[in-house]
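Participant: Just so we're aligned: 19 in numbering that gives the first Met the number 0 is position 20 of the sequence shown, and the numbers increase by one with no gaps anywhere.
Watch out, some of these pointers could steer you wrong.
Claimed, not checked - Restricting the straight-line Cα-Cα distance to at most 25 Å, the calculated cross-link-like pairs of lysine-lysine (DSS-like) are:
# : residue 1 : residue 2
1 : 459       : 16
2 : 276       : 16
3 : 16        : 391
Stated by the list, open to error - So the derived label-pair ranges between C-beta atoms look like this:
# : residue 1 : residue 2 : range
4 : 3         : 544       : 31 to 37 Å
5 : 33        : 523       : 31 to 37 Å
6 : 390       : 12        : 21 to 27 Å
7 : 4         : 313       : 44 to 50 Å
Hints were generated in silico from the structure; no laboratory data involved.
Don't be surprised by glycine CBs; every beta carbon is placed ideally from N, CA and C.
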Amino acid sequence: MDMNSTDQATLQRLRSKTGYSSDTTSYGNECVARAFTESSVAFVSGWTELETVFDAAVSALGTCIRDHDGSPLLQEGGVYDGCWLESTGTANAEVLSRFVPDAAESTMLAFARYQRSDGLIPYKIAADGPVFRQIQLVTPPVRSAWHHYRVADASPSFLSRIYDTYSAYDRWLVANRDTRKTGCIEAFCTYDTGHDLSPRFWHVPNSPFRGEPDRYDPDNPRLPFIAPDLTASVACSRDYLARIAEEFGSDVVAPDTWLHAAGQMREAMFTQCFDEKDRFFYDRDAYGEFVRVQSDVLMRVLASEAVPLELFEELLCTYLLNTRKFYSDVPFTSIALDDPRCFQSSEHNSWAGAVNFLTIIRAPHMFEHYGHSAEFMTAANQLMQAFADVKKFPQCLNPWTGEEGYTELYSPAILSVLDYIERMHGVQAATDGSVWCNARPPVPSSADRPRERSSAYRRKISGNEYELVCGSDRAYLFLNGRAHAEFPNGTRLVCDRSGRVSGITGLVPRTVLGELTLYSSLPDQHGERSFALEISANETLEIDGESLQCKAKHNYLPPQF
0 MDMNSTDQAT LQRLRSKTGY SSDTTSYGNE CVARAFTESS VAFVSGWTEL ETVFDAAVSA
60 LGTCIRDHDG SPLLQEGGVY DGCWLESTGT ANAEVLSRFV PDAAESTMLA FARYQRSDGL
120 IPYKIAADGP VFRQIQLVTP PVRSAWHHYR VADASPSFLS RIYDTYSAYD RWLVANRDTR
180 KTGCIEAFCT YDTGHDLSPR FWHVPNSPFR GEPDRYDPDN PRLPFIAPDL TASVACSRDY
240 LARIAEEFGS DVVAPDTWLH AAGQMREAMF TQCFDEKDRF FYDRDAYGEF VRVQSDVLMR
300 VLASEAVPLE LFEELLCTYL LNTRKFYSDV PFTSIALDDP RCFQSSEHNS WAGAVNFLTI
360 IRAPHMFEHY GHSAEFMTAA NQLMQAFADV KKFPQCLNPW TGEEGYTELY SPAILSVLDY
420 IERMHGVQAA TDGSVWCNAR PPVPSSADRP RERSSAYRRK ISGNEYELVC GSDRAYLFLN
480 GRAHAEFPNG TRLVCDRSGR VSGITGLVPR TVLGELTLYS SLPDQHGERS FALEISANET
540 LEIDGESLQC KAKHNYLPPQ F
C-alpha cells in the first residue's frame with residue numbers, strides 16, 4: 000500500500016488507542032468498557048471535534064445502562080428514567096447490538112419477561128417494575144430482535160422467546176386495538192405513538208381512558224384514530240415473525256401465514272390511511288376524516304418497510320428530501336416545515352417540529368432497506384456538522400442551527416453518534432451477515448474546519464480485526480494487521496464474515512472512478528488483484544471472477560426545493 004505520511008500517522012494513532020477506560024464502580028461503565036475491549040472498537044480523526052464526541056459518546060453510554068435484577072438494562076436516559084418499548088427496547092437496542100450486545104439482548108428480553116398473561120407487553124419498564132398504561136409502539140420490535148440475532152450471533156433460544164412473546168402480543172393488539180374492525184391498529188391517545196405536543200394529537204387525551212390500554216375516552220368525538228405508523232409497525236413485525244418461523248422450520252406457524260397476515264394489514268393501511276391526493280399517510284378519525292397533519296409518521300411507515308420501492312422513491316422526493324417539508328438544514332423535522340403548526344423550538348420534549356434523535360436513529364434502516372444509501376449519506380453528512388458540536392447528548396436539535404435542545408445524556412443521541420460515525424467511516428456488522436467497510440468520511444461545511452482530514456476506525460467481527468483508514472481520496476483496509484484492500488473514498492467495501500471481499504457500493508452522488516485493489520491477506524488468496532472501478536450512487540458491484548458485475552442500482556434522488 001502506498002499511503003502518504005498523514006494516513007500512516009492516522010493508522011499508527013489508531014493502533015495506539017488500546018481501549019476505553021472505565022469507572023469500575025459504575026455498573027454501566029463496566030459493561031461498556033468490557034464490550035468495547037472485546038470488539039476492539041476505536042475511532043480517530045483529523046476532524047478533532049468528531050473524534051472527541053465519539054469518545055464522549057462511549058463514556059456517556061455507561062450512564063444509560065443499569066443493573067436490573069442481575070442483567071444490564073438500557074435506559075432512555077436524561078429525564079426519562081426507564082426503558083421504553085417504542086425506542087429503548089427496539090431502535091436503541093438494535094444499535095446497541097453492535098456495541099454492547101449483552102445489554103441489547105437483555106433489554107429486548109426484559110419486555111418478554113414482563114408480558115402479561117393476556118399477551119400485553121409493557122410500554123415501559125421503570126425502576127419499580129413494568130407499566131402497561133398505553134402501548135407506545137413505533138419501531139417494529141421483532142425486526143429489532145431479528146437484527147440483533149443476525150448481527151450479534153444470538154442463540155436460537157433468544158429468537159424462540161421473541162417469537163412466542165410477539166405472537167401473543169399480536170393477538171392482543173388485534174383483539175383490543177382494532178375496535179372498528181378495519182384490519183388496522185388504532186391509537187387511543189397521544190402517548191400511544193410517543194408524539195408528545197404534536198399537532199397530530201391536538202384535542203385528544205395524552206393517555207388512554209382511566210389509564211387502561213384497551214379503552215379510549217368515549218366522550219372524545221374523534222377517537223379512536225386508525226394509525227398508519229402503528230399499523231405499519233405491526234405488519235412489519237409479522238414479516239419478521241415469518242422469518243423466525245422459516246428459521247425454525249415446522250415447529251411454529253407456517254411463514255406464509257404470517258406473510259399473508261402482514262400483507263392484509265398493509266392493504267388495510269393503504270385503504271384507510273393513504274390519501275391519493277396528497278400522497279401521504281394520515282390518521283383517520285372516528286368521523287372517517289383524515290387528520291391532515293404531515294408529520295414524521297411518514298418516516299415511521301417507510302422504516303417499517305410498508306411500501307413498494309416506486310412509492311418510496313416518490314415519497315422521498317416529495318416529502319423527506321424536500322426542503323419545504325422535512326429536509327431542514329439539520330434533517331429531519333417532526334412536522335412539515337410549510338405547516339403553520341410547525342413549532343421549531345427544541346427546548347421541550349416536542350414532536351411539534353424539532354429534529355428528534357429518535358427520528359435520527361430510526362432513519363438509516365429506511366434508506367438502506369430501499370437501496371438508497373447515498374441519499375442517507377448526504378443527510379448524515381449534514382447531521383455530522385451538528386454532531387461535532389454536541390456536548391450534552393440531547394433529545395432534540397434545532398432544525399435551522401443544530402443547536403442542542405431538551406435534556407441530556409439521552410441514549411438515542413449517544414447511540415446515534417456511534418451509529419452514524421460507524422456508518423460513514425467505520426466497519427459495521429450488517430444485518431445480512433456481511434461486513435461493511437464504509438469510506439464516506441464526512442466533509443466539514445464550515446470554512447474553519449479544513450476539508451482534507453484522514454480518519455481511521457477499528458473493529459473486531461467474527462474473530463477478525465479490521466482497520467480502515469480513510470485518507471483524502473482513498474481508503475485502506477487492513478485485516479488482522481495485514482494489508483487487505485485499497486479502494487476509493489465514496490464507496491463501501493463489502494466482505495463476508497471471513498473477511499473475503501465480495502463487492503462494493505457507491506455512497507456519493509457522483510460517479511466514482513478509480514481502482515479496487517485486493518491483497519493476499521487470506522490463507523487461500525495468492526497474489527494481488529486489481530479492478531478498474533466506475534461506480535454510480537446506489538450501485539452495488541459484485542466480484543465475479545476477474546470482473547465486477549452490477550448487482551443492483553437505484554438512481555440518486557437529490558434534495559428538492
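Participant: Next step is simple, just say for each hint if it's right about the structure.
Facilitator: How the hints compare with the structure:
no.	hint	result
1	459 with 16	14 Å, holds
2	276 with 16	55 Å, violated
3	16 with 391	24 Å, holds
4	3 with 544: 31 to 37 Å	32 Å, holds
5	33 with 523: 31 to 37 Å	34 Å, holds
6	390 with 12: 21 to 27 Å	24 Å, holds
7	4 with 313: 44 to 50 Å	48 Å, holds
In summary, the structure is inconsistent with hint 2 from the numbered list given earlier, while agreeing with all the others.
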